[in-house]
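Number of protein chains: 2
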Amino acid sequence: MPRVLIIGGGFAGLNAARGLGDARGIDVTVVDRTNHHLFQPLLYQVAMAGLSPADIAAPIRSLLSRYGNIRVLQGEVLSLDLERNVAVADFGEVPFDYLILACGAQHSYFGHDEWEEFAPGLKNLEQATEIRRRVLSAYEEAERSTSAEDRKRLLTFVIVGGGPTGVELAGAIGEMSRFTLAKDFRNIDAKLARVILVESGPRILSMFNEAQAARATRDLEHLGVQVWTNSAVTKIDASGVEIGAERIGASTVLWAAGVKASPLGRATGCEVDRQGRVLVEPDLSVPGHENIFVAGDLACFLYQTGKPLPGTAPVAMQQGRYLARTILREVAGKPRQPFHFTDKGQMATIGRSRAIVELGKLKLAGFPAWLLWLVVHIYYLTGFENRLMVVLQWAWSYLSFRRGARLIVSKEWRFHKHPDEK
Amino acid sequence: MPRVLIIGGGFAGLNAARGLGDARGIDVTVVDRTNHHLFQPLLYQVAMAGLSPADIAAPIRSLLSRYGNIRVLQGEVLSLDLERNVAVADFGEVPFDYLILACGAQHSYFGHDEWEEFAPGLKNLEQATEIRRRVLSAYEEAERSTSAEDRKRLLTFVIVGGGPTGVELAGAIGEMSRFTLAKDFRNIDAKLARVILVESGPRILSMFNEAQAARATRDLEHLGVQVWTNSAVTKIDASGVEIGAERIGASTVLWAAGVKASPLGRATGCEVDRQGRVLVEPDLSVPGHENIFVAGDLACFLYQTGKPLPGTAPVAMQQGRYLARTILREVAGKPRQPFHFTDKGQMATIGRSRAIVELGKLKLAGFPAWLLWLVVHIYYLTGFENRLMVVLQWAWSYLSFRRGARLIVSKEWRFHKHPDEK
Numbered sequence: 001m002p003r004v005l006i007i008g009g010g011f012a013g014l015n016a017a018r019g020l021g022d023a024r025g026i027d028v029t030v031v032d033r034t035n036h037h038l039f040q041p042l043l044y045q046v047a048m049a050g051l052s053p054a055d056i057a058a059p060i061r062s063l064l065s066r067y068g069n070i071r072v073l074q075g076e077v078l079s080l081d082l083e084r085n086v087a088v089a090d091f092g093e094v095p096f097d098y099l100i101l102a103c104g105a106q107h108s109y110f111g112h113d114e115w116e117e118f119a120p121g122l123k124n125l126e127q128a129t130e131i132r133r134r135v136l137s138a139y140e141e142a143e144r145s146t147s148a149e150d151r152k153r154l155l156t157f158v159i160v161g162g163g164p165t166g167v168e169l170a171g172a173i174g175e176m177s178r179f180t181l182a183k184d185f186r187n188i189d190a191k192l193a194r195v196i197l198v199e200s201g202p203r204i205l206s207m208f209n210e211a212q213a214a215r216a217t218r219d220l221e222h223l224g225v226q227v228w229t230n231s232a233v234t235k236i237d238a239s240g241v242e243i244g245a246e247r248i249g250a251s252t253v254l255w256a257a258g259v260k261a262s263p264l265g266r267a268t269g270c271e272v273d274r275q276g277r278v279l280v281e282p283d284l285s286v287p288g289h290e291n292i293f294v295a296g297d298l299a300c301f302l303y304q305t306g307k308p309l310p311g312t313a314p315v316a317m318q319q320g321r322y323l324a325r326t327i328l329r330e331v332a333g334k335p336r337q338p339f340h341f342t343d344k345g346q347m348a349t350i351g352r353s354r355a356i357v358e359l360g361k362l363k364l365a366g367f368p369a370w371l372l373w374l375v376v377h378i379y380y381l382t383g384f385e386n387r388l389m390v391v392l393q394w395a396w397s398y399l400s401f402r403r404g405a406r407l408i409v410s411k412e413w414r415f416h417k418h419p420d421e422k
Numbered sequence: 001m002p003r004v005l006i007i008g009g010g011f012a013g014l015n016a017a018r019g020l021g022d023a024r025g026i027d028v029t030v031v032d033r034t035n036h037h038l039f040q041p042l043l044y045q046v047a048m049a050g051l052s053p054a055d056i057a058a059p060i061r062s063l064l065s066r067y068g069n070i071r072v073l074q075g076e077v078l079s080l081d082l083e084r085n086v087a088v089a090d091f092g093e094v095p096f097d098y099l100i101l102a103c104g105a106q107h108s109y110f111g112h113d114e115w116e117e118f119a120p121g122l123k124n125l126e127q128a129t130e131i132r133r134r135v136l137s138a139y140e141e142a143e144r145s146t147s148a149e150d151r152k153r154l155l156t157f158v159i160v161g162g163g164p165t166g167v168e169l170a171g172a173i174g175e176m177s178r179f180t181l182a183k184d185f186r187n188i189d190a191k192l193a194r195v196i197l198v199e200s201g202p203r204i205l206s207m208f209n210e211a212q213a214a215r216a217t218r219d220l221e222h223l224g225v226q227v228w229t230n231s232a233v234t235k236i237d238a239s240g241v242e243i244g245a246e247r248i249g250a251s252t253v254l255w256a257a258g259v260k261a262s263p264l265g266r267a268t269g270c271e272v273d274r275q276g277r278v279l280v281e282p283d284l285s286v287p288g289h290e291n292i293f294v295a296g297d298l299a300c301f302l303y304q305t306g307k308p309l310p311g312t313a314p315v316a317m318q319q320g321r322y323l324a325r326t327i328l329r330e331v332a333g334k335p336r337q338p339f340h341f342t343d344k345g346q347m348a349t350i351g352r353s354r355a356i357v358e359l360g361k362l363k364l365a366g367f368p369a370w371l372l373w374l375v376v377h378i379y380y381l382t383g384f385e386n387r388l389m390v391v392l393q394w395a396w397s398y399l400s401f402r403r404g405a406r407l408i409v410s411k412e413w414r415f416h417k418h419p420d421e422k
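Protein chains in written order, with my numbering: chain D, 1 to 422; chain L, 1 to 422.
Same shape as in the complex, but just chain D:
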């Protein structure tokens, strides 16, 4: 009875597990550090107080509970023993016949890990909550500040990185200042908040067509966002950002600039690219180990276009489903086929009523693109118990210009601290 171990419950891991669900004679174990699957494309909405964590996350355990052959364990895999076909986790060893490594990517600060403290990235719920806390607290602090200089620094928001996440964050902060918060303060004018999107390259959204990216820039500017291109950040500290000789005083800096693959990719002993992604074979296996596969953001798949496939949800979902089919075929005695990615296009949203969309030759912008973005994202939330909730929440936010989840929740839960604690 082949044992399949899936490390990571993201889009790749979850789709692989579902594809193997109820397969006779296959025993599946899913290990993840967290207890939940996260719909990452909407994570920025949690950071921007438009949605609650539970709207876009669901326990992996409950998403897979209907399959009797799947076991879910929360824990962290620390290393791989490829001789014995065993993964070593913090709770013990897990043996396998097939391994699917799908533990994704995290932020990269390009050698400046000390920047993370001042500029959180957006990869998990903890970080989304932290970003929400920082952004909302900045407005609160500005409201009670008596210094014009402090107020300016508090109401300046810098987003580093002009990819889709950076654009979505910048658009949402711009819009929140202009509409949601506009009437809530007495001492400050939230509309005067400065939102600066900083990109080191010559333009934002480099993966999109140039005209589309220009349209996105205009849409951002319409929401009060300044777009600074050709601006490489050279320093980030508690009071702002430096771009060469120029300094922006800002109390809130968000990082959306670079990612690096999970360190577990290197544990395969195989070649990795500059971002730490494993160079996989056409069937997503790693060289020299036919039974070990890598999928999702952790895989560098070069066979289709010559360039690595991007780290997006569609790639991860298709790879996960492909691996489930491959293992089922192999158990049935059929030969492997190479992975082929079907590109359905790409989209990015700017605020609550604009987006850009590219589907092959079809290019959309503005409100029609946003409607399409909405339909696609709601469709892909399938399998989430609370899809209806999200739609209603959105409808309500849209009609009322309110953000339902505007809560500042701190990290400390204890009243009574001991003398040896900070």
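Since the hints were derived computationally from the structure, they do not count as laboratory data. Since we're looking at a predicted model, the values are computed, not measured. A couple of the hints might just be wrong.
Chain copies aren't distinguished; within one or between two, either way the pair holds.
[Claimed, not checked] With a straight-line cut-off of 20 Å between C-alpha atoms, the simulated SDA-like cross-links for lysine to any residue are:
id	residue 1	residue 2
1	411	117
2	411	126
3	183	69
4	260	116
5	260	76
Fit chain L to the known structure of chain D by using the hints.
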């Protein structure tokens, strides 16, 4: 132009502020440590993963934004200068003509503050999230444990304190184990979880009629909860609870046993009771200071029944509204009238379909009581933007036996830690 300062945005403070909203010639400032008003009667639902924080909390700022004469500041008041009529907050001084002190209560460990680490209480969103994390993590850890002894300790939940909160928590854990989680695990039987409600007095729910409390005990036992009365806890540590010579091995202990009033009550210089509540005059002012009022959980009001009014939402709401009326009358040159509490009864819920209710002579139990509980709580969520959401979430949970917010979110958001950090 009289300046009214309200410290605390709970039921008392919020109702006082609303009562003064748009009053001509009155300038109102509300100061709260957090940015949100919390619907505390449903906080246990957040702890038990039935609701999300945003379902029961809303920014004080947005709840009051329609009133042009009200300013909201997030901050902590550290002391009061009663000579100068000034409150000293962490962001500066706030002068007042009238002061409404309504900053509530927190948990009391009866001199054992070191227990808090092992047995969190339930007073704010941070604590609710922490309790949720502990309860759900215990099941996860039990699932991957290979030791029967560890599993037993991990699946034992002790709730200290048999008041309404303790009963609600115990009932919810019992129900979650029996129904929601029952099918999700492979290595453990969640139904075998032990839930023990420990009460030092001779019976639980001492504020209710004895027959009603007995019915609640039976309902709890039906959900698998053991009710231990006459059991005073003598020690709590990381591995369990001691009740005299008896020891219960439990990895999760929750505290619902005692409260003490905010330390700011003592800053009035007036007499306080054993729990630190300020002994107020019949008009809720403090002796010697006609312009300083105390309301809600922080006030000890003795004039109606000889016993202090309980620290419940109805008392706080009525006191808040009364104080707004009192100040409006005084500004209009009318004399003060004493506060009178209209008791509308009390209720406690046990799991998702049972409750006990006492409304004067009317006593209800079981499903009809639960329906009434539901209607009352939904009614009082008025003013929350997301009341409809909560109803839908409940309806869905009820029909599906699922809990939508079953997320374990840790306190750490950083990937890259510095060598000098833990």
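These are the hints, each one checked on the structure:
1. 411 to 117: both (15 Å within a copy, 15 Å between copies)
2. 411 to 126: Both, since 10 Å and 7 Å are each at most 20 Å.
3. 183 to 69: Answer is between: at 13 Å across copies they meet the 20 Å cutoff, but 54 Å inside does not.
4. 260 to 116: Answer is within; shortest intra-copy Cα gap is 14 Å, inter-copy 39 Å.
5. 260 to 76: within (18 Å within a copy, 41 Å between copies)
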